[in-house]
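Each chain is listed here by its residues.
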Amino acid sequence: MNNPNSYRTGPDEEGRFGIFGGRFVAETLMPLVLAVEKAYGEAKADPAYRAEFDDLLEHYVGRPSPLYYAERLTGHLKGAKIYFKRDELNHTGAHKINHAIGQILLANRMGKTRIIAETGAGQHGVATATVAARFGLPCTVFMGARDMERQAPNVFRMKLLGADVRPVTSGSATLKDAMNEALRDWVSNVEDTFYIIGTVAGPHPYPQMVRDFQSVIGQEAREQIMKAEGRLPDTLVACIGGGSNAIGLFYPFLDDKNVELIAVEAAGHGIDTKAHAASIAGGRPGVLHGNRTYLLQDEDGQIQEAHSISAGLDYPGIGPEHSWLHSVGRVHYTSATDREALDAFQLCAELEGILPALEPSHALAEVIKIAPQKPKDHLLIMNLCGRGDKDIFTVADALGVEL
Amino acid sequence: MSRGSDRIEKRFAALRQEGRAGFVVFVTAGDPDRDTSYRLIAALPAAGADIIELGMPFTDPMADGPAIQASSLRALKNGMTLKKTLALVADFRKSDHTTPIVLMGYFNPIYSYGVTAFIRDALAAGVDGLIVVDLPPEEDDELCRPALDAGLPFIRLATPTTDEERLPSVVKNTAGFLYYVSVTGITGGKSGAAADIRTAVARLREQTELPIAVGFGIKTPEQAVEIAKVADAAVVGSAVVNLIADNLDDGGKPSAVLTDKVLDFVSNLAEAIRAARSGERE
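If you're matching them up, the sequences are chains A and B in order.
Using this note's numbering, read the first sequence as starting at 16 and increasing by one per residue.
Using this note's numbering, read the second sequence as starting at 6 and increasing by one per residue.
To be clear, the hints were calculated from the coordinates, so they are not data collected in a lab.
Virtual Cβ for every residue (Gly too), placed ideally from N, Cα, C.
Incorrect hints may appear among the rest.
As the list claims (entries may be wrong) - Label-pair distances were calculated between CB atoms; the ranges are:
no.	chain 1	residue 1	chain 2	residue 2	range
1	A	299	B	44	32 to 38 angstroms
2	B	210	A	50	23 to 29 angstroms
3	B	154	A	242	56 to 62 angstroms
4	B	121	A	286	30 to 36 angstroms
5	A	289	B	121	25 to 31 angstroms
6	A	21	B	169	35 to 41 angstroms
7	B	121	A	288	46 to 52 angstroms
What the hints assert, rightly or not - Derived pair list, reagent style DSSO-like, types lysine-lysine, alpha-carbon separation capped at 30 angstroms:
no.	chain 1	residue 1	chain 2	residue 2
8	A	59	A	242
9	A	242	A	391
10	B	99	B	266
11	B	89	A	289
12	B	258	B	88
13	A	389	A	93
14	B	99	B	82
15	B	266	B	234
16	B	266	B	224
17	B	15	B	234
18	A	289	B	88
19	B	177	A	53
20	A	289	B	258
21	B	258	B	89
22	B	82	A	289
If we strip away everything but chain B, and leave its shape as in the complex, we get (with noise of 0.2 angstroms):
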């Protein structure tokens, strides 16, 4: 069995070097098509991605809003599955080595396939990570513990409502990074005040040594570089799944133009998040 990676670390290092924050893009897999997302993906690093959460489509998200949900319903619809996700992820790897993709979703899917075989066959495939939203640390036993035992990073959520009693359970078994949840909410809503954000990240700072990514409710490049100040690492994920969503025609086929669309958009924050620390060190 093929054990895990070390590129989120190589990626999180190269980052500190640089003395700027990473930028991590959400797409789901199989949105619109998997034609189209294989494209898309495959062209996120040179756009300005550093890591790739990999939405894992799911009838049923229910911690997402509706423009996650249905950009799951349309990778469903046009009949993708998570052997598929897998076999995405596998194709993108034979052309890029060092971007991370994390698989994002629901534990569902991943229990109908049979926790061991899909922890052999992510790591195969060139998976470096796993966020399953529905799996507190009460559950560990599920799939985090063999996940980690098999070298693959299991990346936690931790909220608002994580209390300092919970915090160091929620840290405990994580690896990777800690994907910081700056509002109590769906994604997609409402966003995070930078002072509170500020507070949090400093909080979880001193539970772990790992890199802290803030993501929820990121749509303009001005928010992104609010979070890229004190964070390791920024998540967008609604803000570029509805721009899908805006260039599919009635029949929900993609636009000439959609992947260009999605692309600029993603320039455009990578851009100001590198910028974002520059004036901190003048």
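Here chain A stands alone, though its shape is the one from the complex (with noise of 0.2 angstroms):
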């Protein structure tokens, strides 16, 4: 498996990266698992369905999302040449709509009624409440109860675009939890309902159909930084909870072998403390939620609590194309803490105007790490995958600011 002609050539037909992935779900789930992957392997041959997709993204999510050079930054860093990626100028704020655009056009084609999703910071809940009344079904979204309490205002959009929040108390009430209930709705109600998934996880072919609606915006950094400087850029960094903006931007690129690629995790309060969100440097393979993949966990293999001031990061896996990658070192996983994350936020304001979600705030801490060590023709590119508004208050909070 290691050095590959080609990064991008997997899943195979198990749905297997290497040995990540799979279909690790109940029988009742299977034959619809296997419906999706049809459905979605007829789709994709059909210029009418991509066409339909590239419609809304451009007149209703506003794609192509601007390549942006961020200049004072880039000034106070003194090393590469920063730009973003800004995905969070997307309507609804984040680059969870465009998955989520892309999997209910598919529930459309396979004649599914009733839609249901997960959500941590409710980012992905939101996208699919959106695309759910653009389409006029109902929809329903599992939420961490504890989740809903941080990312209040995001539960209150969902809630005025027509979706039934359902709050998830078992476990520790967050997004695992979510996406428990999500598949054990699923289950109970196989007849009617597609779940939209909101990261490169699950079981095949969601890893694999969820990065191919995200590869857009690697494509079009792609081509972007061609006309800003006529070549490829040399680093791309992304944030990564399951991972789906970061396999979005990283896709387009896995071939271009000069392209150095960094994913940074959560660190939470620190690798070394128990409170983190980083399941590469802090877990190991595992089976969860339908795929194989590095997962927190204990000796016996339970699985264990997640910690991110982001409820986006706050998941205790990740995407099994990461795994992957990660095991065939294309990719470098790093991370960074709340700490890190939260000066970073700062930053972006004061330098740049722009408030990053709390997620990409953990990529931009990244930046500020490696930036000042690279010459000044070194072309970075970050995805800034969405915006800081849902935050403010967890930020006020952890500043000992009282609104």
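Take the two lone chains, each set in its own frame, and fit them into one complex as the hints suggest.
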């Protein structure tokens, strides 16, 4: 598996990226997962499906998102030339809308009449509620009760969009438990329901499907940097929870071996504490939510709770393709703590007039670390995959400010 | 390495002789704690359980309802592990050599334990079969084939969504018995309609000679009787586990009557199942 000719051939027919991925689901769901795989295969081959997807991305989402030269940040860090891929300017404020549109179009093709989703920070929930409203389908979003508290604005947003937001109180009451509940709902409503998964995880074909929809980020970035600089970038940086924005930016560059790829996990209070969400740095391969991947777990194989100040990264696993890209060494996985992300958040606000979401603030923390060590002609693109409006209460709380 | 037992086969042969359906009772290993759990399991055969389905606790039991998830979390909180689950079976086997024990759970703890080591230790402990919910036929290489090769039956779930096309692959590497999940849903939820179950069991019988157990959503003796009339065994889980939950104090400690209450409930169901087909023979 080392040094493959191309890093873009996965998954195989069993939905595997090396040993990672697969279809570890209950028999009740298996026929449905196979039906989704078949429908997606047919949709991909249908130019009309692609055309509708592209049209909605352009006119509804507002793509392409700009590639923005962060001039003041570059001047401040005195090193690499820093660009932001501004997916936070998308309709609904994050990259999640890209795969929500792709999946709801597929749900339509399959004749499904009810949508369910899980959400952590609420960005995927908002994106799903949005497309469900746009297509006139009832939508139920499962959200950890704890996440509902720290992301109250997004909860209200989803309700305004007509979604039924169900608090999940089981387990740690965060994203993994919301995903358990969504899978339980799906098992109980297989006939009419389509599950719009919010990241590049879950049983095959979800990791592949979500990656394909998100790849628009990297495709645009590639064209935009060629236009701006006349050459490919030297480094790409993205934050990673499940890994949808990271794979979206990286995928079109995987075979450009001179492009360095860096994914930043959430280190919470620190990798050496138990309170983090860094599956690669602090986990090992296991099986959860339909796929084999790196997971935070104890010696007995029990899943551990993740911690991050960012609800969107607060998941004890990672997409299986990332586990594979880690195992073959194509992508470098590193991490940033809550504190580092908060500092990056504030710096970005002050220097660039942009409030980044706490998720990409982790990516920015890595940029702050590495940019000064690079020469001035080093081109760096960071995926600014979400806006920070939803996080102002969390940030205020962390900074000890009363609103 | 010890080979698999023939306890499941013998039990179903005996049931056929008696002309009645079997009763499979589910409890989670270590729920609410190791000692209470052992006392309960040891007493289940005398209360009328023909087969014991023992849950291997897991933090994220995605196909199970709140009752079984809560029982898993109770057991884990009190220190249960997969290793201790196997030790519990070994202890049970010291005094019971005939009642089959089937382990039910999810793949990750087994994967973490190591598949080869797990199969070896499960056989040595006296386990008679495995039900691993998140391993469909598509993932047979992970555990199903190695277990079958070692003589440890891998018991498959068939569901209402298992269509004609899939059924042969579902039945293919199954041994011991086939477990029909009577509803599309999670454990402890709604129960299947008797007529639908009758049709489904008939459909399964065309594809397999194995005994067919039916479960999911059975809560009362009446429901158990309906199942016992058409299937080779009825499985009751969430209702038993709920009774454990109902007999804990605020600190999660078992009340003095917990074991008696659970065993009374099991006895009542067992009696109903034993009598289920007697009317038909007259």
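Quick rundown of the hints versus the structure:
A beta carbon spacing of about 36 angstroms between residue 299(A) and residue 44(B) agrees with the range 32 to 38 angstroms that was offered as a hint. Taking 23 to 29 angstroms as the suggested C-beta distance range, the pair residue 210(B) and residue 50(A) conforms, at roughly 26 angstroms. The beta-carbon spacing between residue 154(B) and residue 242(A), approximately 59 angstroms, falls within the hinted interval of 56 to 62 angstroms. About 31 angstroms separates the C-beta atoms of residue 121(B) and residue 286(A), a value consistent with the hinted range of 30 to 36 angstroms.
Between residue 289(A) and residue 121(B) the Cβ separation comes to about 30 angstroms, which falls inside the hinted range of 25 to 31 angstroms. For residue 21(A) paired with residue 169(B), a C-beta distance near 39 angstroms keeps the hint of 35 to 41 angstroms intact. Under the hint 46 to 52 angstroms, the C-beta atoms of residue 121(B) and residue 288(A), about 34 angstroms apart, miss the expected range. Distance check on the hinted pair: residue 59(A) and residue 242(A) sit about 28 angstroms apart at the alpha-carbon level, within 30 angstroms; holds.
Distance hint between residue 242(A) and residue 391(A) is fulfilled; the C-alpha atoms sit about 19 angstroms from each other, no more than 30 angstroms. Taken as a hint, the residue 99(B) and residue 266(B) pair is honoured in the structure, with Cα atoms around 25 angstroms apart against an allowance of 30 angstroms. Distance hint between residue 89(B) and residue 289(A) is fulfilled; the C-alpha atoms sit about 24 angstroms from each other, no more than 30 angstroms. With a C-alpha separation of about 23 angstroms, the suggested pairing of residue 258(B) with residue 88(B) holds against the 30 angstroms cut-off.
Restraint check: the Cα-Cα separation between residue 389(A) and residue 93(A) comes to about 9 angstroms, which is no more than 30 angstroms; the hinted pair holds. About 27 angstroms separates the Cα atoms of residue 99(B) and residue 82(B), which keeps this hinted pair within 30 angstroms; it holds. With a C-alpha separation of about 26 angstroms, the suggested pairing of residue 266(B) with residue 234(B) holds against the 30 angstroms cut-off. Of the supplied pair hints, the one linking residue 266(B) and residue 224(B) holds, its CA atoms being roughly 15 angstroms apart against a limit of 30 angstroms.
Our distance criterion of 30 angstroms between C-alpha atoms is met by residue 15(B) and residue 234(B), whose separation comes to about 21 angstroms. Annotation: proposed proximity of residue 289(A) to residue 88(B) holds, straight-line Cα distance about 24 angstroms (limit 30 angstroms). For the given pair, residue 177(B) sits about 23 angstroms from residue 53(A) by alpha-carbon distance, which is consistent with the 30 angstroms threshold. About 28 angstroms separates the Cα atoms of residue 289(A) and residue 258(B), which keeps this hinted pair within 30 angstroms; it holds.
For the hint linking residue 258(B) to residue 89(B), the alpha-carbon distance of about 20 angstroms falls within 30 angstroms, and the restraint holds. Under the criterion of a C-alpha separation no larger than 30 angstroms, the hint pairing residue 82(B) with residue 289(A) is consistent with the structure, at around 18 angstroms.
Hint compliance for this structure: hint 7 alone is broken.
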